[in-house]
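Engineer: Sequences and hints are given; from them, build the entire structure.
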Amino acid sequence: MSTIAVEHPVPRGATRARKRRVVGSVTLLLILLTAVVVSLGVGARGLSPSEVWYGLSAGPGGDHRLTEIRLIVQTVRVPRTVLATVAGVALGVGGALIQGFTRNPIADTGLLGVNAGASFAVVSVIAVFGFANPFQYVWFAFAGAAVAGVLVFGLASIGRGAGNPLTLALAGQGVTVFLAAMTTAVALSDKASLNALRFWNAGSVAGVGFGVIWPVTAFVAAGLLLALTTLPAINLLNLGDDVARGLGVNIALHRTVGVIAITLLAGAATAACGSIAFLGLMVAHVARYLTGPDYRWLVPYAGLLGAVVLLVCDIAGRLLVRPGELDAGVVVALLGAPFFAVLVWRGKFKSA
Amino acid sequence: MNGTDMDVTGMDVTDVDVTRAKPSVAPGVRLGRVSFVWRPWQVCVTLLLAAATFLVFCLSIGVGDFAIGLPQVIATILGRGEQVDEFVIMDLRMPRALAGCVVGVALGMSGAITQSIARNPLASPDILGITWGAGAVAVFLVTVSGGTATAVVNSVGLSGAALAGGLGTGLLVYVLAWRRGIDGFRLILIGLSVSAVMEAITTWLLVTADIRDVARAQAWLIGSLDNRSWDDVGVALWCTLALTVVVAGAAFQFKPLHLGDDVAAGLGVRYTLVRAVLLLCAVLLAGVAVSAAGPVSFVALVAPQVAMRLTRCPTPPMAASGMTGALLLIGADLVARTALPITLPVGVVTAAIGGPFLVYLLVRANLR
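First to last, the protein sequences are chains A and B. Under the working numbering, read the first sequence as residues 8 to 359, first letter to last. Under the working numbering, read the second sequence as residues 1270 to 1637, first letter to last.
Treat the hints with care, as some may be off.
Unchecked claim - Here chain A is said to cover these stretches of chain B; the calculated rule only asks that three of the stretch's residues, wherever they fall, bring their Cβ under 8 angstroms from a Cβ of chain A:
#1 1444–1454
#2 1466–1472
#3 1475–1481
#4 1562–1573
Said to hold, decoys possible - Just a few of them, taken from the derived set where beta-carbon distance is under 7 angstroms, the chain A residues facing chain B:
#5 167
#6 178
#7 185
#8 196
#9 202
#10 208
#11 209
#12 285
Hint data in this document are derived by calculation from the structure and do not stem from the laboratory. The C-beta atom is built at its ideal place from N, Cα and C for all residues, glycine as well.
Structural biologist: Printed below as a string of structure tokens:
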């Protein structure tokens, strides 16, 4: 597919647009780096940049105070910052992909049932096995997300529905509705599940160790690689199935790869952080506003924006209600949604 | 028209009419100023749905600790029953069944309007802010006990306060989305944003609350038909009836809107007015439903899509959506009361039935 795009003569305005997009992505990267540094320093115990550097670089040893700094940075701040970045990228890219593949501007990463599947798995294993620790149920959450994603795609692929975006969206909706009902049924009959569910729904990047973060990162990386291969095809799919087929796009193949990518990305992020709603939807629209409709730019922008937004929201959550903390997922909606609404009102977005 | 066209184009009426194999113009009916297309299949399905709703309604009234046969139920409803039956039916069971009916119709029609205006099958009144606005207020009142909260609950009741919260949020969404008129796409995005804020507030209240309050709040958030009295039902019933009349009136002007604003204007439709009136109706209908049963989820989302597929209509049909909603809700209530080992709020059962049924209809349409 990429050859098609290359064969066209490049219009004169395109080089300027390209330059602007490159500058934009570099700016976003710099913002992301700043957010990472701030995230390492801010919290219940504020750390200066030199303390952060010590905490990152030092091995064991030093006096009591230095040991404490090292512990805070290495076991609390670093995992949390890495997870926020990874999950933010995953949800941002996932949101942009699902809007591209379903051609529906209100599609969100929860649409394929991954979130509902993960929640159901979590409340079920807590009700059955009595797990109390997120370390124990994160794998079930991921399995639940994957099973739900496969189920939705399987149902949507029966008969002539194969690869039809509306069928996919509605099948996802149907499965989500059913799983959400089952989740509620379990949670209402089991107190421990209900208790876990409310924290799950808030969505947090805190309190997860590297034992969980590395595998999640591996899944996200796999999802990103798959996503990269489909980007040129999404542009063509958005011209309509007939046009895309005429241009030689293997529609079913690309939709399948796309759905697998979305399931990997959203499933991994959800399993590690709980349900973080609205992020994918929001950054996909902002990215489209910044880059235009070309998915080869839109999707990477959405990923960077997702990481920035989730990191900033996590930092804000640590500062807003001191000495307590607001969960990142809650802050994303509380701060992100009004900001998004202002952009909408000022007429910044077009439908898909 | 056939399944594929409907699935590919979603709400778009134009493609479907063009690809019709039969004569391109369906027979029209004109009664004075009112004219409509005569679609026998749609009318039959709607009537069948109404009949099925009535049957389940009577069954639901008959089932209980004191079982009453179907003939006696119908006789009592018609005013020719025995005294014992009359007490049990009219005073105890009727309000609940009627509440289910009214809430179902209200949610079904509200969903049909929202999906039509947004021209998006994923839209539901939830995104107009009512559901989560009402939810946030109710959860606040349940979890933050004492002082003002208790005083508010005692004076207007939990449902009343929640309704006020829901309608207030709905109004906020409408005001925020207004910019030289209402645009469907802007309305959805603003609605999603405001709903997300309300949902986040609710989540945060639940995270910080005592676990005993959480269970109570969670049950309210799902919606339930338990302990309904005539007082609860009366207002909802009359409101829904009045709103149905308005919707029916506006619906005749509504069809051309699916062709786009310009075409609609060319056909003589004052589309800004029609859309504003219908949107207001959708908000009020959803509000009525919330006040009568809490925010029963998914009925408004699923009913129009199911009704569309049953009637083979290219757009969500108003009457059939309302009937589907009612059937789904009282059917679910019947199942919740009789078939399940544990008592669950009706919202859980509507979702457990509605979701798979939507998937079944999709798969069947794709296999044909």
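Engineer: Any of the earlier hints contradicted here, and which numbers?
Structural biologist: Per hint list: zero violations.
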